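K.L.:
As a plain string of letters, each chain reads:
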Amino acid sequence: MEALYAITTGILTASGVYLTLRGRTFPVVVGLTLLSYAVNLFLFSMGGLTTHGAALVGTNENYADPLPQALVLTAIVIGFAMTAFAIILAMRARGDLGSDSVDGSRTDREDPRENKA
Amino acid sequence: MQHLPIFPVLLPLVTAIILLRKREGVDPVRRTISITATALLVVVGFWLVSRVAGGETLVYRLGNWQAPYGIVLVADRLSAMMVLVTALLALGSVIHASGGEDNQGSNFHGLFHLQLMGINGAFLTGDLFNLFVFFEVLLLASYALLMHGGGKSRVQAGVHYVVLNLAGSSLFLIALGVLYGSIGTLNMADMAERVSQLPAERQGLVRAGALLLLVVFGLKAAILPLYFWLPRAYSSAPAPIAALFSIMTKVGIYAIFRVYTLIFGAQADGLSNLAQPWLWWGGLATLAMATIAVLAARDLRMQIAYFMLISIGTLLCGLAMDSTASRGAMLFYLLHTTLINGGLFLLADLIADQRGKVGTRIVRSRKFKYATLFSALYMIGAMASAGLPPLSGALAKAWLMSTATLSEGLWLWPLLLLSSLAGVVAASRAGSTVFWRYSNGDRVSERLSRGKLVGTVLLLSAAPLLIVLAGPIGGYTQATAEQIADTGQYRSAVLGDVTSVTPGASADAD
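Heads up: the protein sequence lines correspond to chains A and B, in order. By UniProt numbering, the letter at position 60 of the first sequence is numbered 60, and the numbering carries on one by one without gaps. By UniProt numbering, the letter at position 502 of the second sequence is numbered 502, and the numbering carries on one by one without gaps.
FYI, nobody ran anything at the bench for these hints, they're computed from the structure. Do not take every clue at face value.
Sample of chain B residues at the chain A side, in silico, Cβ under 10 Å [claimed, not checked]:
hint	residue
1	163
2	166
3	449
4	487
Derived coverage of chain B by chain A (criterion: at least 3 residues anywhere in the stretch with Cβ under 8 Å from a Cβ of chain A; other residues may be distant) [as the list claims (entries may be wrong)]:
hint	segment
5	135-144
6	155-161
7	172-180
Since we're looking at a predicted model, the values are computed, not measured. Where a beta carbon is used, it is the ideal one built from N, C-alpha and C, also for glycine.
Work the whole structure out from these sequences, hints included.
P.N.:
Written out as structure tokens, the structure is:
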């Protein structure tokens with residue numbers, strides 16, 4: 001299970017980093033989302049992976065660490081809010097700057113829809 | 001008053017909730033509430049400083065949970081000082097904002113107080129994950145405040161700022177994951193206890209986590225390869241927000257200072273002082289780059305942003321010089337630069353109001369009425385920033401340089417003096433263009449907002465005041481540095497006589 005878990009986290013992180021480095025705001029937002037998924041998975045595993053063990057002391061010999069579960073919940077909530085904000089911001093930037101390029105320049109690629117109008 | 005350490009967090013929170021009730025518009029009532037609450041925060045700041053000045057460390061256990069299990073707020077000399085300087089800066093900014101800037105968009109005052117809550121929380125918390133949460137609170141408020149009033153340049157700077165900080169938050173969480181997985185706790189005092197007893201095979205992992213954390217804090221503090229977001233964001237933000245942001249980089253400096261002295265300080269065996277070389281060379285490089293950039297700035301606000309980067313470089317060098325004396329000097333410099341830089345951002349806005357379309361660009365403009373007053377204020381701020389006597393910058397820089405050892409001084413002295421020279425050149429050139437060179441045409445007089453002027457003067461008055469009160473303030477920063485060096489006191493205050501155990505930590509299991 002550890003290998004599968006590690007590979008999943010790794011692929012998510014790699015995809016997230018790749019997309020975050022793209023030049024347009026939509027892939028960047030998706031990249032950040034993937035990155036935050038990867039981070040949540042990573043955070044979840046930081047207390048060690050335990051199977052068939054509830055996070056309760058005393059009911060079972062083999063119990064999971066409850067702290068990462070609490071931390072990851074906080075991280076998910078914060079990450080969710082931040083993603084929502086980033087999407088709205090990307091929309092606003094598209095509207096205000098007339099381009100969805102991250103540096104706001106219109107010259108690098110013309111939008112075909114604007115040429116028609 | 002056993003609840004005193006949580007006041008700086010609760011007061012802005014309650015104020016923000018009250019102010020957020022009605023969404024649109026700004027009226028005198030809201031401004032009064034906002035200014036009163038900020039003034040109260042100054043009072044709380046002074047109270048906190050007077051309580052801890054004797055050397056006591058106040059520990060506030062939320063929900064009365066024992067330290068390694070529950071979250072604690074810790075107020076020692078350093079935290080109390082940072083809370084006080086935040087409150088003073090915020091008072092100047094909020095008075096300035098009430099001069100009209102707060103009307104440009106919605107919810108200015110509510111967001112402003114939420115940001116104060118995040119900043120104060122970050123200074124007071126004794127738990128690394130809690131630090132992350134407070135970082136997010138202050139960042140979320142700052143995202144909205146940065147774009148207050150809208151406009152192309154703000155949105156564009158905002159996109160960069162938000163994306164960078166979201167990536168930074170992800171790194172922060174990864175670092176926390178690594179550190180929790182290998183040390184088994186996130187309470188800073190408990191981490192400090194355990195880090196010295198780490199088995200050798202875990203040290204590499206902890207080192208990776210600690211340096212990853214340095215990247216995150218470096219992004220907030222704007223160390224050389226990570227500072228490129230700062231000039232644009234700060235120069236396009238509304239003036240009172242830019243002024244408040246001058247404490248945000250210091251949140252990063254504070255976090256570096258706290259984590260790398262308390263947890264990875266001298267007592268941490270194989271991991272001791274692992275950030276120092278990075279801070280030293282990063283600080284010097286930041287100083288060098290900002291020195292060049294300040295000469296190239298074509299806009300007054302951009303120039304002030306680079307003044308701020310010079311101060312960041314200086315602070316980092318002060319942090320990296322591993323002696324109590326230089327840290328005392330560094331903290332004095334921090335007080336000076338936070339307030340003066342904030343004041344300069346406010347002043348730039350006052351000047352922009354008068355100059356019409358030209359704004360703060362360093363070019364010829366129409367004549368304006370209050371040029372004499374503004375040029376006097378600008379001279380005070382610029383002299384203090386560059387470090388000319390008799391104002392506070394000169395004392396702070398001289399004190400810092402005098403604490404350098406020979407090998408450190410060889411690098412620090414020339415760079416710091418050159419940066420001061422560049423500051424003087426840049427400021428005098430900008431000042432003579434803005435205040436003395438006019439295009440033809442009639443003199444115009446825009447209305448001078450009294451609130452804006454009061455806020456600006458309040459912050460810039462730190463320059464002479466820090467000199468007049470240099471004795472007691474310098475003594476306090478020196479005592480702060482000594483308290484920081486004695487990490488045992490912090491640990492015993494937080495942990496009491498509880499032996500260090502955390503339930504379920506896999507660090508013990510495998």
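K.L.:
Next step is simple, just say for each hint if it's right about the structure.
P.N.:
Results for each hint:
{"no.": "1", "hint": "163", "verdict": "6 Å, holds"}
{"no.": "2", "hint": "166", "verdict": "5 Å, holds"}
{"no.": "3", "hint": "449", "verdict": "27 Å, violated"}
{"no.": "4", "hint": "487", "verdict": "24 Å, violated"}
{"no.": "5", "hint": "135-144", "verdict": "holds (count 3)"}
{"no.": "6", "hint": "155-161", "verdict": "holds (count 5)"}
{"no.": "7", "hint": "172-180", "verdict": "holds (count 6)"}
Hints 3 and 4 from the earlier list are contradicted by this structure; the remaining hints agree with it.
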